[in-house]
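The primary structure of each chain is shown beneath.
2 protein chains.
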Amino acid sequence: MQVKKLGERGIISMIHRMQSSPPPGFVGIGDDAAVLPGNTAGWVVSQDMLVEEIHFRWDWATPDQVGSKAAQVNLSDIAAMGGRPVAALTSLAVPASTSSEVLESLYRGMTRAFDPLGVVILGGDTVGAVDRLVLDVVILGVPADGGPVFRRGARPGDRLLVSGRLGASYAGYMLLSHGHVWPGENVDDRSVLTAHLEPEARTRLGQAAAPWVHAMTDVSDGLAAEVGELTQFGAVGVDVRLDRLPVCRATQAVAARYGTDSWEWALFGGEDYELLMAVPPSHVEQVMRAGREMGVAITDIGVFTDAGRTRWLDGEDERTLDGDRAFDHFSR
Amino acid sequence: MQVKKLGERGIISMIHRMQSSPPPGFVGIGDDAAVLPGNTAGWVVSQDMLVEEIHFRWDWATPDQVGSKAAQVNLSDIAAMGGRPVAALTSLAVPASTSSEVLESLYRGMTRAFDPLGVVILGGDTVGAVDRLVLDVVILGVPADGGPVFRRGARPGDRLLVSGRLGASYAGYMLLSHGHVWPGENVDDRSVLTAHLEPEARTRLGQAAAPWVHAMTDVSDGLAAEVGELTQFGAVGVDVRLDRLPVCRATQAVAARYGTDSWEWALFGGEDYELLMAVPPSHVEQVMRAGREMGVAITDIGVFTDAGRTRWLDGEDERTLDGDRAFDHFSR
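So the sequence lines, in the order shown, correspond to chains D and R. So for the first sequence, my numbering puts the first residue at 5; every next one is plus one. So for the second sequence, my numbering puts the first residue at 5; every next one is plus one.
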């Protein structure tokens, strides 16, 4: 069925059907606005918009993957604040020719991400679009113990830790833009395609790390840009060890195929949705332990300094990065 | 300058420049997510998306008008909940060819709506778009005294009150779709074009009415659809007096020009952003007085009944409405 026939009420009741009732005190879909219960800890709120042909393509990703990614990208922002996600709002602009199966699958992707965390979709807006689908997700969360954690706060002597692996999402993007399709032809391709199409936010790690870190952000725009955020562009210095960046074997294999150094993708690729943390030496072990308990690798890739600038070190050598290569949605 | 050159950071710092600092306890633009201070009264949250060529056209509206309307449409939802707006988040998808002047004007329109109310833009997302601009606004508010007020709650005997005038926005839409342009050639045209292009939410009235009403909604989709919401589609009945609908002289004049009964526009036109209220007889005077103090007309257009259905009365006659004509963004 086309969305044109389903109508806004049809879409809303579909969303309604696909999720459990809001917890007590919440009022969700069906009124002029959603209602959140009172709380005394404050809220953290994130918002991310995905646009067809800019952030996703239907010949690359299934609707379920697009919905899931829209949710995870937002959950990653909440994790980076040391927040626990509670509720979501979603705005959707859909071309009238979109089938309701596509829409249902898109929401299923979102609820697949939200349900295990107890996050409920409280409302939002559904409108028509001329030809391209746009999805805007807002998540409201509460600070976990130790949160909210900001980008600002790193101090000289803090270790620079990063979760998971870097560059894999861009490796997946490279495969897709060279005509490869999900799920890929071998285990390496599948691994990096999954990183790009089905990223998973470090939701639990962000909450567990919150009491132990001075500053935190997620790696959505590439390591180079995010290191800039954590140093507040020079307010504090940092030495980053390029030779320690966690780049997985699959990413290295794909990079070799395209004749690129995989660390370029780690630095400039973007969309990794890992957590980047400034952690005082006395608390590094707590963060490492949290990672171990969740099966998430945590890598020490550098140290904050009072040098007032970022040094990119490869063994004994300092490298110069081309600063204009940071990921930017407008130029890519 | 094109957005492509301005870049996301350029846009964010432009938004930053254009508004005052967030109040204590709030953390706004510049981190992974916004932070709201704790409160014990709960929050009301609304979200509305505007899509170029669906909700607005650049040959009809200035960027300032589009920004202002995006804000007002959302403020109207908060007003309809009996809420006091506090903070906003805005997501924007912009084609790379958009000039920064357009963008600045768009935000100026939003801040023009928000500033007098003390509403701060805390964050959001700015991304690229292929060819059409999409603007998604979220407003967080707190319930005013007596709020939150829901659509459900009308009881037999309650009076049906409506603020302002109905149908004027559709009259403006008719003029625009017949080649007339803002600000119009005479005082009638200007009046209805203003209603369509620069609606003003009943923000203060919604808060003042909250302690006195049983149920409330805003008239965004035409009176017929909104009466359906207040009766919960038959859970309670209502007699609506068609001969009492507040249709202004300008709307009547424009309707006459196109050979239409103006009450059709009041019933099915949509986008009036007036408040529709179910008010017990003992409290009607309080709501009327609040309207008088704010210079907003309040009209008594009917009474809720235990008849279990809606009767549309024109003097002594009952009229049958064509239910399929309710405003729907997908079919218009």
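Rather than coming from a laboratory, the hints here were simulated on the basis of the structure. Hints may be right or wrong, so weigh each one.
Identical copies carry no separate label here, and so any pair may be met within one copy or between two of them.
Unchecked claim - Derived SDA-like pairs: lysine to any residue, alpha-carbon spacing no greater than 25 Å straight-line:
{"id": "1", "residue 1": "K9", "residue 2": "F272"}
{"id": "2", "residue 1": "K9", "residue 2": "D68"}
{"id": "3", "residue 1": "K9", "residue 2": "G238"}
{"id": "4", "residue 1": "K9", "residue 2": "S103"}
{"id": "5", "residue 1": "K9", "residue 2": "V191"}
{"id": "6", "residue 1": "K9", "residue 2": "M292"}
Q) Are there hints from earlier that the structure breaks, and if so, what are their numbers? A) 5, 6
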